[in-house]
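These are the residues of each chain, in order.
Number of protein chains: 2
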Amino acid sequence: MTIKETWIAYIHDLQDRICTVLEEADGTAKFIEDAWERPEGGGGKTRVIANGAVFEKGGVNTSIVFGEVTEAMRTQLKIDGHSWFACGLSLVIHPSNPFVPTVHCNYRMFELYNEAGEVMDRWFGGGTDLTPYYLFEEDAKHFHQTYKDACDKFDLNFYPSFKETCDNYFVNFHRNNERRGIGGIFYDYQRPDENRDVDFWVGLAKSCGNAFMQAYIPIVNKRKDMPYTEANKHWQEIRRGRYVEFNLVHDRGTLFGLKTNGRIESILMSLPPTVRFEYNYQPIAGSKEDELLQACLHPRDWLSIVTEEEKLAWAKASNSC
Amino acid sequence: MTIKETWIAYIHDLQDRICTVLEEADGTAKFIEDAWERPEGGGGKTRVIANGAVFEKGGVNTSIVFGEVTEAMRTQLKIDGHSWFACGLSLVIHPSNPFVPTVHCNYRMFELYNEAGEVMDRWFGGGTDLTPYYLFEEDAKHFHQTYKDACDKFDLNFYPSFKETCDNYFVNFHRNNERRGIGGIFYDYQRPDENRDVDFWVGLAKSCGNAFMQAYIPIVNKRKDMPYTEANKHWQEIRRGRYVEFNLVHDRGTLFGLKTNGRIESILMSLPPTVRFEYNYQPIAGSKEDELLQACLHPRDWLSIVTEEEKLAWAKASNSC
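These protein sequences, in sequence, are chains F and Y.
When the first sequence is numbered by the numbering used here, its final residue is 363 and no position is left out of the sequence of numbers.
When the second sequence is numbered by the numbering used here, its final residue is 363 and no position is left out of the sequence of numbers.
One thing to keep in mind: the hints can contain errors.
Unchecked claim - Not everything, but these chain Y residues come out facing chain F in the computed CB check (under 7 Å): (1) Val90; (2) Tyr176; (3) Leu177; (4) Ile306; (5) Asn322; (6) Ile326.
Worth flagging that the hints you see were computed from the coordinates, not collected in a lab.
By construction, the Cβ of each residue, glycine as well, lies at the ideal position given by its N, Cα and C atoms.
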């Protein structure tokens, strides 16, 4: 198999596996697939789930798109070549229970060709990030630890570096640099070189892509049956407003799609199902809502934080000595 | 009074008068004022109304801002001068009843000074546009006719020209050029010259600003007690999603504010209170919802349309001959 074929096969396999585990976690709703074609070349498989027992709205999409390098790509994206190819998976899941976090992930490969059709350039990008509405430190630790483990097999510098890139990307710069959520990992423009070949980067993407189930599903199962109030739902919808603001004002992928004739419904499936915008809404200082807001304003090193549970476990262990 | 003083006095008087009539139309809720200052110079009076009997969320804001021309203004806005001044009124009203349309208006003056503090350039901009969720042709006609009357006193070419500018500005270009609503008037960069002095342009702004009450309030009073279903509300929230998309992706004023340290809460008060984003939502062909969508996709010359009521009135009149 060529690299392209390997990558496409992986992305489609990952889409199938993720949809299966999400359907299992939901227990009621099923994904519906919309296959679409792009007039300029390629197409995609958009899979959406809606009004489930757990997932209010979500999409797990793959796309394989290609074409000639246009003048707009040359000037606006500084892409220099004859033709290009891009293939990736992108998902956003919005649960209905405000104690279950929203999650986003994206893994993609880009290739650039010369007139002879030879690969001139190739790069990988990807990441997964969590957007909770209430903060459970143990969930944050579990999520980050899972991606640290997935990255550590490749390079011990990756997790801290990709975590910082993530914290600095998903930012509502117009709101005092408030982050969309509590981060995860994000990397882009990773090119094979003499030290790290294509297989290395495909391997990293597979490791991180596969980690999604382990990173997210246990959190869903732990929180999905927690009772919640109208006030909790209200806060979730306020925070979903910030999600909309980030995606429509700052997200490079969304804006690129909107401005280059992408498939609108597949791009905007990322927007939350129900949203509230209230004038100057501020959570009460010291409340659970404020605790989440503070975590978004001040990114933390989750893996150096000791939880109350851990303290208890250690206290027990030392008492029994 | 200087031109600046005349303009400021008018804008503040208009804010007072508009808030008064909107409170009367609502019958329950009152505007709350947040006065704010801008560190770089000036400030504003943000007046918001929320959870009223008629108005679910709204803001009627004035601002008077000034400062030195920054490098960013020079390069990004092509503004060449030593210092500047801007003053305007901006309002957005989101009623709760889906049969009452959302309305937006904005009237502003901009001045540019040389190092000696002399006026180098001055221009006026403004407009008012209607965003209904259901189409009542008689309301559309009334709204457009009111602004045509306000413009015709100054130049018979203004209404058709400003109507077209409005139709071409409030557009979700990423959705097949779907308009945000059914338009109104919009003009910008109108500079005094030997034929039309400052008083002319102030006069036009006053005529259009004053027309707001006559254009909007009768529609509110006619529709506010119409019974509606959950399905009507659902459709309103879907359409409000389009309002969010336009304001965050395309609106120059919003994006300029967000990217230049404007007062975020005053800028984003324009966003609707509750919003829905559903994957690939399409109204049923031929439904009342689709009728509105078609009006947004294909702007019409409202003043050349004859309503059923008018036809009946004419039929009666000719029968009685």
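- Please flag the earlier hints that this structure goes against, numbers listed from lowest up. 2, 3 and 6
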